[in-house]
Amino acid sequence: MLGSMMRQPVLTRDKADTLLLVVAALLVIAPHFAHLPLWTSATVCVTLFWRALLTLRGRRLPPVWLLLPIALLAMAGVWYSYRTLLGRDPGVAMLALLLAFKLLEMHARRDLFVVLFLSFFLLLTNFFYSQTMLTAFGMAITLVVLLTAQLTFQYTGAVPPLTRRVRMAGKIALLATPLAALLFIGFPRIQGPLWGLPGDARSARTGISDTMAPGSMTNLALSEEVAFRVRFLDPAPAQNRLYWRGVVLSNYDGRTWSRIGGTPFRTPDQTRDGLTMRLGGQAIRHEVTMEPSERRYLFTLELTRPDLALAGQRVATSDELETYTLRPLQQRVRYRATAHSEYTLQADLDPALTGKWLQLPPGFNPLTLELGARLRAAAAADRGGTLEIVHAVLQALRARRFEYTLEPALLGRDSVDEFLFRTRQGFCEHFAGSFVFLMRAAGVPARVVTGYQGGEFNPVDGYVTVRQSDAHAWAEVWIAGQGWRRIDPTAAVAPERVNGSLARALPQQAPFGFSGLIALQNDKDSWLSRLRFQFNAMNNAWNQWVLDYNPERQQTFLAELWDKVGTWRTPAAAALLGVLAWGWWRLRQARRADPVQAAYGRLCRQLADFGIVPVPGEGPHSLASRVRALPLPEERKAAYAEFLELYSALRYRALDDDERTRSAARLASLLR
Amino acid sequence: MARPALRKPERSAATVLTMRRVYVLPSRAGVAYTALLVLMLIGAINYTLGLGFALTFFAGSCAVVDMVLTVRNLAGLRLATGRAQPVYAGEEAQFELHLHNDGKADRCALRVGFHPPGTPWRTQPPHVVDVTAGASTAVVLSVPAVRRGWLAAPPVRLTTRFPLGLFGAWSNWQPDLRVLVYPFPERDAPPLPSRGDASAEGHGAVGLDNFAGIRSYQPGDPMRHLAWRQIARLHPQDGGQLVTKHFDGGAVAELLLDFAELPPRLDLEARLARMTRWVLEAEARALPYAFRLGHHHYPAALGDAHRAACLRALALYGDEVS
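Quick mapping for you: the protein sequence lines, in order, are chains A and B.
If you're matching positions, the first sequence starts at 1 in my numbering and goes up one per residue.
If you're matching positions, the second sequence starts at 1 in my numbering and goes up one per residue.
Quick caveat, the hints were computed from the structure, so don't treat them as lab data.
Don't be surprised by glycine CBs; every beta carbon is placed ideally from N, CA and C.
Where hints are given, some of them may not hold.
Said to hold, decoys possible - Footprint (simulated), chain B over chain A, 3 or more residues, beta carbon under 8 Å:
#1 121-135
#2 139-149
#3 166-174
#4 541-552
Claimed, not checked - Per label pair, the in silico range of CB-to-CB distance:
#5 T18/B <-> R653/A: 25 to 31 Å
#6 H621/A <-> P155/B: 50 to 56 Å
#7 H621/A <-> P86/B: 57 to 63 Å
#8 G118/B <-> R653/A: 56 to 62 Å
#9 G90/B <-> S669/A: 55 to 61 Å
#10 E92/B <-> Q606/A: 52 to 58 Å
#11 R628/A <-> A232/B: 51 to 57 Å
#12 R312/B <-> A581/A: 42 to 48 Å
#13 Y80/A <-> M19/B: 54 to 60 Å
#14 G118/B <-> P160/A: 48 to 54 Å
Said to hold, decoys possible - With the Cβ distance kept under 7 Å, some of the chain A side facing chain B (calculated, not the full set):
#15 F113
#16 F117
#17 Y155
#18 T156
#19 G157
#20 V159
#21 I185
#22 I190
#23 L194
#24 Q331
#25 F610
#26 S622
#27 A624
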């Protein structure tokens, strides 16, 4: 093949055009290789290679009787791979195969457009899988290649070199950008989906779930995935007060903590008998942009009144003050909430109703049960209250040299006993779970609250990014007269966890053996951190403005825009700009006009002062005779005569370019 | 009130296709593209794809840019008429048109063709030309010449789909250009009429007595009359051509082609056809001929000008006013 290429170094136009189309198709399909079945990717590659080979060798395209069975076979393959032909993934696979096969069945100009349009649609389907900035950049390049291909096929005569065609396509793209941006901002957005999404539209994601077993938080701690981003409209609280409340777990079966089943969801307008709260202190308004979680929990800063509103979703609150949506969150959502730094929650709850927060599975953790009983007895002897017990336990946790680690020793059946008395290694889930168990054993109503703690403040755009690795579990104990109080046993053991980031709280290994890199990673002022902050801010802006530009956001943005520009100044500025543009345009027209004719116009204006106006159809010669009769100084008359002589020569005689420019320059100088 | 370019275009020898004279409509591919955009928009809405919206709007904007560029590909083009040579009826009349591009951008893939009123566009494949920036291109369009007389150029239509093919722009122009169509020369016409007393010698020996100079070669001239010395002086590439020695005077009487002498039972057009054939034959044989048709009386002569005058008289016989 190399030999044949060597022999014909210059491709004919048809071949070059077709190869360009094959390259464009490859660019369109290539991002899909990541999720297409292997055989599909292979088939597409082989088909495209076959097409390129046929083109290079100048062979005929395969006949339909050969292509049709292959295409049918491929469709069967898609069905075999997915067990369906409907839905997103099989649809994409079929489109990719269709595009590849269509390239082998191109005969008319119409087929070219079919290929191009298929490519455009495949380009769109790519966004099902990825919508990052990098994807957008890749798509932009692919689009320019597609435009170049489309453009190339429109030439009928000589085709300019590829670079010029790419530049032309780039010019079209550039010209299209302002209008596209305007449409993007202003085109009325409709809240999707228009119909039910196919089941495979979203893939499962990691996140806080409604159960907590040993290891569930540890898994999350390893994920750098963003859970949500927060913008504070009021001064942000300190890092150690950033508790993002999510799910409340009250049931324990000896291994797994879970929600109380059957807790009804309530919408804010429904009466909530048990849920009384008093909020005080500083109000902290914040706006949360949550990534799609495929779950229903909304996270807010503790403690937020349950009155969230979400466009297109019903929001409910449970008796444990968890906030839910009625449908799983398949898209990024944005909501505003107001938290209060001080609160009392269900202070007047009837103690008789707290039984469900005292239950423990029988036959587990005898040592802890015994410790609980002792604590309870001691508190009763001291006449101390519930608070005494809590403090004593926290004290003990601090004193006993517990270790905060992501790799705790494995725990057996009596996991709390083993953790508290033997291994003493654990992650927040161990601390919170064991603490609640011990509290219940001591007769204190307690429950586990899971959510996130902390987050990373980005000095570039002021957003706080909360990642899956910030997932946290803490405890709530109920004290008569004071209501639910947040107790974070992890903070007692590893205060740096709540004061800083997880990375700082955990004992670290030096990456690549360079201990200096840790400092670089964690130091907020290092260039690496700054770079990361820049990138995160960019990513966030991308999410906020490109991916998540929904009807709500559009409305607010347009309203804000109108507030800013909707004054008398805007029309005034527009009018001024219009006048300037018009003037510039006129000036350009005038400059573009024939300089000879313009000089003649000037002469006519000068002669008009002496009462000489050329009659229609009057030539320069007759005009010259009239000028000769004027009572003017001789040199002036000579200048006019020469002008008219030159003008006549320029207009009516064939002159070469050199003479022409010289005469025109002389012409202009004569009128001074 | 009809918009200017939808009206019958005015006759002009030169014109500029202003923006107002250029019309644009989506091509079939453009309509399909619109459908594609709708599909993409629905997809973007349904799956709430932010980038899907961006891609859809961008693709739509590219189409709008394409529309503007397609119009601009035609708008501002300056058109002028060129030469048009007379033809014989039954031949193709050729009209030369000049396309001047005064702009800074190349104009590519322009289709130019005659678009006679009442016929569908695309009855004949139009010429496809490119006009680079600041340059001009000549196009020769042809129309079958059926009848003798003046043949005016039909309206010209220019179309283009450049650059992306999603829109078709077009404009019409009625060039002020006509060709003279000579009558069809009769096939198998009787020999040239001859009058006078030297007919016995036939016309082969006509005018061999006195050398009367040279004239350009015409098919039928005897080889021995070629003026080799003059021919040798200039190479054909430098403008040299075959020339023949020309003799006049002599025994043969003057050849007169008189329309009135033709048998009146013949059809008018048939008589004109015969006259045409005779003129051509006389020229071919270099026989000076006098010509008489209606009030046209041309004394005996030879040469392009004489022939043209005679043929013109024949072509316009009956409608002399034009």
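Looking back at the numbered hints, which does the structure fail to meet, lowest number first? 6, 7, 8, 12, 14, 20, 21, 25, 26 and 27
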